[in-house]
Amino acid sequence: MAEGVRVEPDLNFIKFLKKAGGDSMKKCFQCATCSVVCPLSSDNKPFPRKEMIWAQWGLKDKLVADPDIMLCHQCGDCTAYCPRGAKPGDVLGAIRAYAYTHYGFPSGLAKLASNGRNLPILILLPVIIIGLLWLISGGAHIPDAETMRTVGFGHFFGHWEFPWLAKNVAFIDAIFLPAVAFSVFAAYKGVKSMWDAMVEQVAPESDFRPSARQFLVDYLYPSVVEILTHKRFNECGANKDRVKGHLPLLLSFIALFAVTNYGFIRKDIIGIFNPAMHGPIPLYDPFKILANVAAVALLVGMAIIWANRSRLEEEQGAGRTFYDWFLIGEIVTVGVTGFGAEIVRLLGIPSLAYFLYFIHLVSVFMLFFYMPYTKFAHMVYRTFAMAFERFRDSNFVNPAVTDDE
Amino acid sequence: MTDERSAPGAGGVLVVGGGISGLTAALEAAEVGQDVFIVERNPYLGGRVAQLNKYFPKLCPPSCGLEINFKRIKNNRRIRVYPMTEVKQVSGSAGSYQVTIETAPRFVNNNCTGCNACVEACPEDRSNTFNFGLDTTKAIYKPHDHAFPMKYVIDADACNKCGKCVEVCKYDAIEMDMAPKSMTLEVSSIVWATGWNPYDFNKLENLKPESSKAIISNMMMERLAAPGGPTGGKILRPGDNKEPESFAFIQCAGSRDENHLEYCSYICCMASLKQITYVREQYPEAKVTVFYIDLRTPGKYENFRDRFKDDGNVHFVKGKVADIVANDDGGVTVIAENAVTGDKVRETVDLAVLATGMEPAAKSAGAVHGLTMDDNGFIISDAGRGMIAAGCAKKAADVVTSAQNSTAAALQAIQASRR
Chain L
68 MAEGVRVEPD
78 LNFIKFLKKA
88 GGDSMKKCFQ
98 CATCSVVCPL
108 SSDNKPFPRK
118 EMIWAQWGLK
128 DKLVADPDIM
138 LCHQCGDCTA
148 YCPRGAKPGD
158 VLGAIRAYAY
168 THYGFPSGLA
178 KLASNGRNLP
188 ILILLPVIII
198 GLLWLISGGA
208 HIPDAETMRT
218 VGFGHFFGHW
228 EFPWLAKNVA
238 FIDAIFLPAV
248 AFSVFAAYKG
258 VKSMWDAMVE
268 QVAPESDFRP
278 SARQFLVDYL
288 YPSVVEILTH
298 KRFNECGANK
308 DRVKGHLPLL
318 LSFIALFAVT
328 NYGFIRKDII
338 GIFNPAMHGP
348 IPLYDPFKIL
358 ANVAAVALLV
368 GMAIIWANRS
378 RLEEEQGAGR
388 TFYDWFLIGE
398 IVTVGVTGFG
408 AEIVRLLGIP
418 SLAYFLYFIH
428 LVSVFMLFFY
438 MPYTKFAHMV
448 YRTFAMAFER
458 FRDSNFVNPA
468 VTDDE
Chain G
101 MTDERSAPGA
111 GGVLVVGGGI
121 SGLTAALEAA
131 EVGQDVFIVE
141 RNPYLGGRVA
151 QLNKYFPKLC
161 PPSCGLEINF
171 KRIKNNRRIR
181 VYPMTEVKQV
191 SGSAGSYQVT
201 IETAPRFVNN
211 NCTGCNACVE
221 ACPEDRSNTF
231 NFGLDTTKAI
241 YKPHDHAFPM
251 KYVIDADACN
261 KCGKCVEVCK
271 YDAIEMDMAP
281 KSMTLEVSSI
291 VWATGWNPYD
301 FNKLENLKPE
311 SSKAIISNMM
321 MERLAAPGGP
331 TGGKILRPGD
341 NKEPESFAFI
351 QCAGSRDENH
361 LEYCSYICCM
371 ASLKQITYVR
381 EQYPEAKVTV
391 FYIDLRTPGK
401 YENFRDRFKD
411 DGNVHFVKGK
421 VADIVANDDG
431 GVTVIAENAV
441 TGDKVRETVD
451 LAVLATGMEP
461 AAKSAGAVHG
471 LTMDDNGFII
481 SDAGRGMIAA
491 GCAKKAADVV
501 TSAQNSTAAA
511 LQAIQASRR
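As you go down the protein sequences, you meet chains L and G in turn. Position in the first sequence counted from 1, then plus 67, gives you my numbering. Position in the second sequence counted from 1, then plus 100, gives you my numbering.
These are calculated hints, taken from the structure and not from any lab test. Check each hint, because a few of them may be wrong.
As a list, the in silico SDA-like pairs of lysine to any residue whose alpha-carbon atoms are at most 20 angstroms apart [stated by the list, open to error]:
{"no.": "1", "chain 1": "L", "residue 1": "K94", "chain 2": "G", "residue 2": "E362"}
{"no.": "2", "chain 1": "G", "residue 1": "K444", "chain 2": "L", "residue 2": "I120"}
{"no.": "3", "chain 1": "L", "residue 1": "K93", "chain 2": "G", "residue 2": "D394"}
{"no.": "4", "chain 1": "L", "residue 1": "K94", "chain 2": "G", "residue 2": "K418"}
{"no.": "5", "chain 1": "G", "residue 1": "K303", "chain 2": "L", "residue 2": "G304"}
{"no.": "6", "chain 1": "L", "residue 1": "K334", "chain 2": "L", "residue 2": "W231"}
{"no.": "7", "chain 1": "G", "residue 1": "K303", "chain 2": "G", "residue 2": "K444"}
{"no.": "8", "chain 1": "L", "residue 1": "K93", "chain 2": "G", "residue 2": "G332"}
{"no.": "9", "chain 1": "G", "residue 1": "K418", "chain 2": "L", "residue 2": "N111"}
{"no.": "10", "chain 1": "L", "residue 1": "K93", "chain 2": "G", "residue 2": "Y363"}
{"no.": "11", "chain 1": "G", "residue 1": "K342", "chain 2": "G", "residue 2": "G332"}
{"no.": "12", "chain 1": "G", "residue 1": "K444", "chain 2": "L", "residue 2": "L107"}
{"no.": "13", "chain 1": "G", "residue 1": "K444", "chain 2": "L", "residue 2": "N465"}
With the hints as constraints, model all of the structure from the sequences given.
Here is the structure:
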């Protein structure tokens, strides 16, 4: 310590962390138990001990450019063994919440989506968009049971005779394609800022950079495989049971994504030539079976996640944060209204079915539109942080042979 | 002044615990004329100090302090000592307590000369608790080499009542039919010098102490280094008796940890530094690594720590060991993060010493006797009621501090008895 280092804490950052579940961080006395008991931490500059002192010092810039905060899966082993009750797992969770807001694009929307006080606005926005479009679409009336039986929700936004594009599809596309496109773009902007900040922090010795192919094949692809197999999640000790909720949920999302695409092709492309394909997919269709299995998996997964989170808060005193519960609330709503709308449709109660379908559209919109700023953002940020970890360990950052030698 | 002595209830002082604190409090009170009873659970006096190899910081053997105190006790007719005795019940109030005590049968009477003939005849073994189970004794045994009172004792749980010792004893010292004895003492105040137990390191599950014999506690290290210990003072690895070439001292093993003992046990840093001197005496080239959160060497002890500054084979790593892996060669690998460099450290050593802390011995029993205790089980003195804590029953402390607060406790006990 020959030269002094002036620490310039960001007090607002510390305040944010305290509110987002990191209120215990000041208890840390740097014994480094956490870095050793962490099942995911590497031997080289392990976490989360260093993150704890950076957080205490308010070193925001260091933390948001630290891939380790994203590599943490909040197994909770550190929190269980922490001799001071400083709950490193919760603190890193709070730092992640901050990072999503920090990198969020546009920042106004990111701030909006990270504060529980804005919940009414967050709900109202899609309610107004979807509600208005429903009102002006010409479909704004409750169908009779017979129509519901034959077309399902196919006339939710009305019906026209134009054969190439159903009116309903046109409206759905008009709402969701821009929303998803915006969300993907925003996520790209956020991840790009994170990647750049991380590169700057590790300051690679080499001037060479990986090619796009190297990035995809050597860094991103193995990370995605790791995520799909839950390899790291399975290494967790204390909160091992979280895999039991997360894995069915992840698989159900993939299955539902596939089914949605199948429905699109079947109803809106094949349907052009064979109008019989327009109505609801019959229950015996393999894809419909998959969809229903996935819906059940989603609900079961969410029930487990809900129970685990509640237990974590009750038994380990984890904070009850908007960050955690907003995502749980969103996905539960998507699952319950989606599956509920289907059941009520089959039971033949059009008014309730339409109501649930409306809420379903609203919650799906929220889930994807706010994705880059909420806990859901871990999907992209963690994936790219895992890719970055591979880049960090590569010869691009640590050349085996340097120019000096 | 003499009038106060004859006030009602101006009885004696009961000192519970015959360790260095209890002895100090008892002697200080008795030497100003107070009647004192010492009740001690073990068959010998001296407590934890008797188990040490050396005191810090002067590195003299504990017998030097204890012998003087034993001599003072022998010469003082106001002190009555009850070994193998526990307090069963306390009734009454300040100035007049009736304390029921129960003495467990020793099965050996005052005729014992310590000739050892009985031990040679005894067929049964018991784990030697004085040496923390590192060796065994016969069912009839001498508590330890410097035991006071110097009388043998039979462990009733280990004895098979074969009577062979009775046959060989030339002095009729063994009474197999000895029964527990109960009596009630009338005292005006009670000094609780109940001391401490080493924290049970098996509770430190992440360190897996049961996985290897190379993982020992600091108190076991004292016994290994002590001349009267299981190895005759040679520091050898339990199990295979290897001469260790490398040592890891693992500080705060259970202390400063709200999952175990939330307080600092005060003595462990100095104890480990002291134990490095044991290692140095026997193994001048051995590698020693100390893993710590903060090296706490308060006050003058700072000088003691400086002794190791120039020893190239002693390394201090800031970072708590949170994992230990047993190796096939009998050694262990201890794992910590060096919080200064931020790197994970894996140190493979022949012997890992867990610096376990002090757990107050009265933790569970204290409440039974109506004592006020803090959240950690340390007794809070209530001088007004004549209930006074001394030594490590009061707080985690070194011998010097214990002797000081025991002297203070003696004064409070005298005051309480003359009110």
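Outcome of the hint check:
1. Under the criterion of a C-alpha separation no larger than 20 angstroms, the hint pairing K94 (chain L) with E362 (chain G) is consistent with the structure, at around 13 angstroms.
2. For the hint linking K444 (chain G) to I120 (chain L), the alpha-carbon distance of about 17 angstroms falls within 20 angstroms, and the restraint holds.
3. For the suggested pair K93 (chain L) and D394 (chain G), the alpha carbons sit about 17 angstroms apart, so the restraint of at most 20 angstroms is met.
4. Straight-line distance between C-alpha atoms of K94 (chain L) and K418 (chain G) comes to about 18 angstroms, which keeps the hinted pair within the 20 angstroms bound.
5. Simply put, K303 (chain G) and G304 (chain L) have alpha-carbon atoms about 18 angstroms apart, close enough for the 20 angstroms limit, and the pair holds.
6. The hinted pair formed by K334 (chain L) and W231 (chain L) meets the criterion: a straight-line CA distance of about 11 angstroms does not exceed 20 angstroms.
7. Of the supplied pair hints, the one linking K303 (chain G) and K444 (chain G) is violated, its CA atoms being roughly 24 angstroms apart against a limit of 20 angstroms.
8. For the given pair, K93 (chain L) sits about 48 angstroms from G332 (chain G) by alpha-carbon distance, which is inconsistent with the 20 angstroms threshold.
9. Restraint check: the Cα-Cα separation between K418 (chain G) and N111 (chain L) comes to about 16 angstroms, which is no more than 20 angstroms; the hinted pair holds.
10. For the given pair, K93 (chain L) sits about 18 angstroms from Y363 (chain G) by alpha-carbon distance, which is consistent with the 20 angstroms threshold.
11. Between the alpha carbons of K342 (chain G) and G332 (chain G) the distance comes to roughly 14 angstroms, so the proposed pair stays at or under 20 angstroms and holds.
12. In summary, the hint linking K444 (chain G) to L107 (chain L) is supported, as the alpha carbons are separated by about 13 angstroms, within the 20 angstroms threshold.
13. Simply put, K444 (chain G) and N465 (chain L) have alpha-carbon atoms about 19 angstroms apart, close enough for the 20 angstroms limit, and the pair holds.
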